[in-house]
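Enquirer: So the chains spell out like this:
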Amino acid sequence: MTDPSMALAVEQVCIALGGRRVLRDVSFRLEAGEFCGLIGSNGSGKTTLLRAILGFVRLEAGRIRLAGHSAGTGLIGYVPQKIALDPGLPLRARDVVALGLDGARLGPALPSRARRARVDEMLQAVGALEFAEQRVGLLSGGQQQRVLVAHALVRRPRLLLLDEPLANLDVRSTAEIVALLRRLSRDYGAAVLLSAHDVNPLLSAMDRVIYLANGSAVAGRADDVVRTEVLSSLYGYHVDVVRVHGRVVVVAAEASEQIHAAVARNPEHTAPVP
Amino acid sequence: MFSTFMAHAWIVATMVAVVAGAVGFFVVARRAAFAAHALPLGAFPGAAAASLLGVSQLLGLVVFSALGVAAIARLQRGERREVASALWLALSLAVGTLLLGFSGQYVQSIYGLLFGEVLGISRGQLVGVAALGVVALSVLVLFARRLLLESLSEDLAGAAVGRSSRLEWVFLGILALSSAIAVPVVGALLVFSLMVGPASAARAFTDRPWRALAVSVALAIGTVWAAIALSYLSNWPVGFFVGVLSAACYVAGRLHGGGVAQAA
Ligand SMILES: Nc1ncnc2c1ncn2[C@@H]1O[C@H](COP(=O)(O)OP(=O)(O)O)[C@@H](O)[C@H]1O
Ligand SMILES: [Mg+2]
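Read top to bottom, the protein sequences are chains P and W.
For what it's worth, my numbering labels the leading residue of the first sequence as -11, then goes sequentially.
For what it's worth, my numbering labels the leading residue of the second sequence as 23, then goes sequentially.
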């Protein structure tokens, strides 16, 4: 609590689900305003870690500290992984953002000019003004994503958690959303922790990266972490980190030889991703 | 049709419609139609028990509704809400059958409980309904925003309050209270039609949540008023018209919001 620049500190966290240890001794810190990728394959524990930060999952050991608060004060913006918004629900995009502002409060919502202005500003910031009046369940996946980001940010949280926001987006929308989140993180002074299974779309945006595998985590600057020695030791078997045309490919040894050979034969083309 | 004899019927039916229309909005939003069926029907043995014991019917209904809430909320921890509701329904209907066996002479009043008996409402009942209706609506207004946020996503609601908690107890409690007051009027078998029909129609007519809630209340009021008038003119049971008109609301909603319905 003494350090005002800290947004999140995860300290020696262990989590067990259904009798199985999912995370073991996970530690990392996020500074205020940092943009951080949480990378791991399916089942590596990304969702579990994010839900633990929100206070939804009990810690077996360790501690999670948030800027000026303990976990569970509701001052974290959150965009969950699977969002199936009911198309029958009479709720406009604008209403979803308003619920982000004061949906947890008791009593009826009184409309006010200030409230409306804040919602409008947030819709504008995520590029959702043009579909603000439309029913949210009928918007496209990418549009819903923007609305949910606005919902999560409208209370100006110091920390924004996004669970696989890039899944199911095409290459162009992926780049757009990453750029948008990077910009919002700066404008709103929110630290962002974003989970993904592929590190590539985030490489240029990240201040810091956390890799999850086998229940353990390594954290640091991308250049220090996305390396053959570091990831091999995390995965527990030898992997090669191959950089091809600005992309990173992490491959097991055997496959990596084939990629090296393919690149050597035909350096004009990006190697196939296994 | 508007004599003092009928005045109680109009007043109580209007109160029941306001509560059912408002609660129904959240029943549909939370996809809890089956619980909205299981709670009133599961409460009806309470009324049978009350008449056996010679105490107020409303009291019996409230007690059994509360038991239903506790049972569904507890069972729900291990099972889905549909399963929990079905278990409660089976259990309470078994008890109801037993009570019916004991009280052969109450067949007429049992019929009223299942299908509604709006004409027999006493002044005392009227006050009871009004009091419970005010409580149900007050709690509903208090938690309206959080219930709506939870309908959108439980995870988002959890993040907003800082823990993964649901308002299921609050919601079931409101549902139980409104069931208890609606059962004598609309009938245990048809309460949920009044909750589900107008509310699901309302969401086809507007994209705004609170406006949809208001439309739901208006449609519910229209439904019971028309049902009483038609019942008076035809001498057919009120419950029949409530059921048919609720279904008609729903069909009208589907036709009006054809595009929405197809996208869903
Ligand atoms: N409620 C649960 N009970 C038991 N195991 C669970 C539960 N939720 C997740 N798990 C397990 O925890 C591991 C991590 O899951 P998750 O955090 O969802 O991974 P990711 O988000 O990285 O795909 C998986 O092996 C998953 O099967
Ligand atoms: Mg996940």
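Misleading hints may appear alongside valid ones.
Some chain W residues close to chain P (C-beta under 10 Å, calculated; not the full set) [what the hints assert, rightly or not]: (1) Val50; (2) Ala95; (3) Arg96; (4) Leu97; (5) Arg99; (6) Arg102; (7) Glu172; (8) Ala181; (9) Asp229; (10) Trp232.
The set of hints was computed from the structure by calculation and includes no laboratory data.
Every value quoted in this text rests on a predicted model; they were computed, and no experiment measured them.
Yeah, the Cβ is synthetic: ideal placement off N, Cα and C, and Gly gets one too.
Enquirer: Taking the hints in turn, state whether each one holds.
Expert: Hints and how they fare:
1. Evaluation of the W:Val50 hint against chain P yields a held restraint, the C-beta minimum of about 8 Å falling below 10 Å.
2. Because the closest C-beta pair between W:Ala95 and chain P is about 20 Å apart, greater than 10 Å, the hint is violated.
3. At its closest, the beta carbon of W:Arg96 sits 21 Å from a beta carbon of chain P; the interface hint therefore is violated under the 10 Å criterion.
4. Look at W:Leu97: its Cβ only gets to about 21 Å from chain P, farther than 10 Å, so that hint breaks.
5. Because the smallest distance between the Cβ of W:Arg99 and any Cβ of chain P comes to about 15 Å, over 10 Å, the interface hint for this residue is violated.
6. Interface hint at W:Arg102: violated, since its Cβ lies 16 Å from the closest Cβ of chain P, which is beyond the 10 Å cut-off.
7. Taken as an interface hint, W:Glu172 checks out: its beta carbon lies about 9 Å from the nearest beta carbon of chain P, inside 10 Å.
8. Look at W:Ala181: its Cβ gets to within about 4 Å of chain P, closer than 10 Å, so that hint holds up.
9. Restraint check, W:Asp229 versus chain P: the minimum CB separation of about 5 Å is within 10 Å; hint holds.
10. Checking W:Trp232 against chain P: minimum C-beta separation of about 8 Å stays under 10 Å; hint holds.
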